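Colleague: Here is what each chain is made of, one letter per residue.
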Amino acid sequence: MGASQTRAEHQYQDLADKTGFSFEQIKNLFQRFQQLSGNEETISRANLDSIPALANNPIRKQIIGAFFDKRNQHQDEVGSCDQIGFEQFLMVMSHFRPPNLRTTDEEKETMRKEKLRFLFNMHDSDNDGTITLAEYRKVVEELLSKSGEIGQETAKAIADAAMLEVASINVPNMGPEEFYEGITFEHFEEILKGLEMESRMHIRFLDVDTSTMRCGKSQS
Amino acid sequence: MDINISRRTGVLLIIFTFLSLLHGSSGEIPSKPTGGVTILPPVKPDNGPQAFPDAEKANLPVFTMDYARIQIPFEITLWVLLASFAKIGFHVYHKITIWVPESCLLISIGLIVGGIMYSVHEEPPAVLTSNAFFLYMLPPIVLDSGYFMPTRPFFENIGTVLWFAVVGTLWNSIGIGMSLFAICQIEAFGVQDINLQENLLFATIISAVDPVAVLSVFEDISVNEQLYIVVFGECLFNDAVTVVLYNMFNFVADMPVVEPVDVFLGVARFLVVGFGGLGFGILFGFVAAFTTRFTSRVKEIEPLFIFMYSYLAYLVAELFAISSIMAIVTCSLTMKYYVEENVSQRSCTTIRHVVKMLGSISETLIFFFLGVVTITTEHEWNWGYILFTLLFAFVWRGLGVLVLTQIINPFRTIPFNMKDQFGLAYGGLRGAISFALVFTLPDHIGRKPLFVTATICIILFTVFLQGISIRPLIEFINVRRTNRDLDTINAEVHSRIMEHTMAGIEDLCGQWSHFYWKDKFLRFNNLVLRRILIRDNRAESSIVSLYKKLELQNAMEILDTVTGDITVVPSILSIYEEKKSSGKPKKKFQAPDLKNMHDILSKNMYRIRQRTVAYTTKHALPNDSHAREILIRRHTSIRRSMRPGSFQAPGVPKSHKYFSLPAGESLDSKFPPGRLSVTDDEETMSEMAYPSRRSRFGQPSRSSSRGMMPLRRLDTLTEASVDMLDENQRRGTSRKTSSSSSSSSSDSRIPAPPHQLHSPVDNDSGSADNLRNGHEEEEGEPSLPPPSWAVEPRDNATQNPLLRRPQWNPKK
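Respectively, the protein sequence lines represent chains F and Z. First residue of the first sequence? That's 41 in the working numbering, and the numbers climb one at a time after it. First residue of the second sequence? That's 5 in the working numbering, and the numbers climb one at a time after it.
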């Protein structure tokens, strides 16, 4: 028992180094992971799809997709996998770790970039490094899909307008015969340059054990 | 420079005129009416001529004056006018208010007026009786703050806001009260007769912060929204807490002995009062929202409901002696969202204006009287007590922020750093509320004059010293800032995406926190509340509404562009320019002409790009009224631009500005620099010269709405209420359908340049078709099937993102 515990701690230490989470947070997330996976080693899309609370999220597909996207797991691979282990799960979660008072400006900048990359990857479903109009449209459509009677036309129109905006911000000198083929990451950064992300892309991962709350929640 | 001077003299003139007027008026006041709650002062008759005839005459009087009858409203009116003139005065020269907060200026003017009144031995107005203040002056101020509270950031930070407002105020009151009580024990100061209760009462009064000045500074330099909202919310709820404490201590100060059980009763009462106010507020808020659901037929009185319900909430809360401030604040917060969707755009503007107006009048008056009273009342000066009050107020505020932040930080996603804390602590100005509270202290408190003096001191000190220095300081320490002006579709889309992502991730890790609750509330809101409370209850995504808004703005810009025939919106132009300059010879166009354009722009145009509502200063209205004003201006300028002189070559379609330039055509041929200056002088010959045209342009706003195609586009996308324009829109539409075949083509090209609008119909459509054809050839249809109206991005990349109207294909 003691041995396994130290092994677990050792493992946690590794994960903590990699992701920056505290032990408590990792423990909490691990419990959640097991709960989601049904005590398996890995988690599959179907596990996540079945989370009831997620059912109403308009961009559920993208969010779940992001967990299985290798680009979000700090590995230099692309493509997506069908199963992820706890480590990968944690890696994806670590994108949303809030900064603390000791975080330096450069670190904040890196964190911001990671978050942007995460968003970008949610758009860029075919891994080619650009968000094409079709990809953008799809996301916007999904985004608006729960908003009632807004037709696809609207979504398209908005995506188009947004795309135009990107194009005009980034390539002001484009001639009429040129074609803006898609948003690259640099352009993506550029358009969201002024957007405040500090307060929007962070989750306060709980330190305390909230398994009881969690149970209540997952049943709800 | 001479302009400034003349302005200043103007200001002085205004002030003096008014002073004399005031003085003159008070000179003939015959006798004061008795009555306890007069708002205005008993003013001694100045041996002036008796205003009304003697009673014994039985004849029919030819000329009578009954001043006593109108005295109170008359004098109130004069005071309000005087204060408002003062306000106009220092807004004439705008830069003053940037560096010196308005409250400082108001107090200064109050001081001057007070000085004059003192020198002529006029008694100060005893404006602030307790009832007058609590029933008439306070509600508008809080309604103002509550109604314009930025909702989203508020709820995101509600914990911190309440923490600082409630605990912070308690901390300050008790801390300052206790330490002052300790000071009172020192014999040297000679204030041993002030007991603990009175000290606490006084401490409560001066712990009401009122950082109007700070807020406007924060807003100007767009400090990060967490800090902003905490200061904002703190001042709001801290008023509530202060008033509750004030009433409690006022009561306690009367009691000969305070038993321990009274403390517990006090705490219980505190909670009852707070939550009672909250409950009443929510109740009345929903009732108000529900009522406005049925007011579509009586638009004239729509705004009235808002005021009546909030006032009712306030009064009912007063009736039960629960926190009326809480009630009115929650009431306005609750109803705002629903009401603004229910009422028409006009009513909405009216509501905002009136709320602002009442609030700022109230506050102006209080500050103004603060100045007057400072000079004219009897002061009791006690160095020791007053200096220690100042000191403790600072120390406890600083300590409080420091300690409370340490406690709240672990619970915040984004902790407050030292700079934020400094901003918080330094933003603790005292203001109108403190003054009013101390002035309405009951007379049986022995040291009331001392309290009044001390409070005035601390207000003057904080308002002047901190108020003036906070801008440079905040800029100097470089507090984290938030860019609030991102008004792009991408930003909106992505903040939505981020919100949903966050909610999703929180669901995934099974945590309940902010995003989770927000998500749940929004769903509940859409499913239940909106159905009940809102007439047209289709939920509208914020993306869509932003999109509409941008479209609207752009339509405005296009129209603006069309107007002065060269007042091209810079964004369009610069994009265009850059593109051209990469081409060939167009460089010439750049420097002088562009400068010229900017001149004209700065003179003629509103800053349309300004974000509309966002945050609102306490003294300025959100400027969403611009849109309509722009429409009106449009009307004039369109007419103006139809002058013959403005088209040098009638054959050349102006719309070339917006299209990519046909190859080989020189830009200069279309924008001869000379034309840049033509605009302004010939307004006089507007419509008269074109009687034939008037038939089409009879109604200005309609004519401009004709140009507003993007709106109609949007109608197809979503529900009708394209707010301010819908009325015009409808008319415009009906006309359009009834008009000839050319309408379809002009539909498709919004920025229809002026000449198109008035040129012979076939000519118009013909040239338009040519243009379009040429254009389409250029772009070559891309593989994607063109959506009925959306443009393909590629060619538009050259233009302002939203200016795609020229390229819209006509509906098939």
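Derived by calculation from the structure, the hints in this document are not laboratory data. Being a predicted model, the structure only gives us computed values, none of them experimental. Built from N, CA and C at the ideal position, the CB exists for glycine as well. Heads up, some of the hints might be wrong.
Derived DEER-like restraints, expressed as beta-carbon distance ranges [stated by the list, open to error]:
(1) Pro414/Z / Glu229/F: 54 to 64 Å
(2) Phe324/Z / Ala86/F: 37 to 47 Å
(3) Arg535/Z / Val211/F: 44 to 54 Å
(4) Glu229/F / Asn530/Z: 32 to 42 Å
(5) Ser134/Z / Glu229/F: 53 to 63 Å
(6) Thr155/Z / Asp145/F: 52 to 62 Å
(7) Ser84/F / Thr155/Z: 32 to 42 Å
Pulled from the structure, derived: some chain F residues nowhere near chain Z, Cβ distances all over 12 Å [said to hold, decoys possible]:
(8) Gln65
(9) Asn68
(10) Arg72
(11) Lys110
(12) Thr150
(13) Asp166
Colleague: Are the hints correct? Go through all of them and say.
Modeller: The hints, checked one at a time:
1. Pro414/Z / Glu229/F: 54 to 64 Å: Since the Cβ atoms of Pro414/Z and Glu229/F sit about 32 Å apart, the hinted range of 54 to 64 Å is violated.
2. Phe324/Z / Ala86/F: 37 to 47 Å: At roughly 56 Å between Cβ atoms, Ala86/F and Phe324/Z fall outside 37 to 47 Å, so the hint is violated.
3. Arg535/Z / Val211/F: 44 to 54 Å: holds (45 Å)
4. Glu229/F / Asn530/Z: 32 to 42 Å: holds (33 Å)
5. Ser134/Z / Glu229/F: 53 to 63 Å: At roughly 58 Å between Cβ atoms, Glu229/F and Ser134/Z fall inside 53 to 63 Å, so the hint holds.
6. Thr155/Z / Asp145/F: 52 to 62 Å: violated (31 Å)
7. Ser84/F / Thr155/Z: 32 to 42 Å: Once the Cβ atoms are compared, 40 Å apart, the range 32 to 42 Å for Thr155/Z and Ser84/F holds.
8. Gln65: violated (9 Å)
9. Asn68: violated (8 Å)
10. Arg72: The claim breaks: Arg72/F does not keep its Cβ more than 12 Å from every Cβ of chain Z (closest is about 5 Å).
11. Lys110: Lys110/F clear of chain Z: closest Cβ-Cβ about 18 Å, beyond 12 Å.
12. Thr150: holds (17 Å)
13. Asp166: holds (17 Å)
Checked against the numbered hints above, the structure violates hints 1, 2, 6, 8, 9, 10; every other hint is satisfied.
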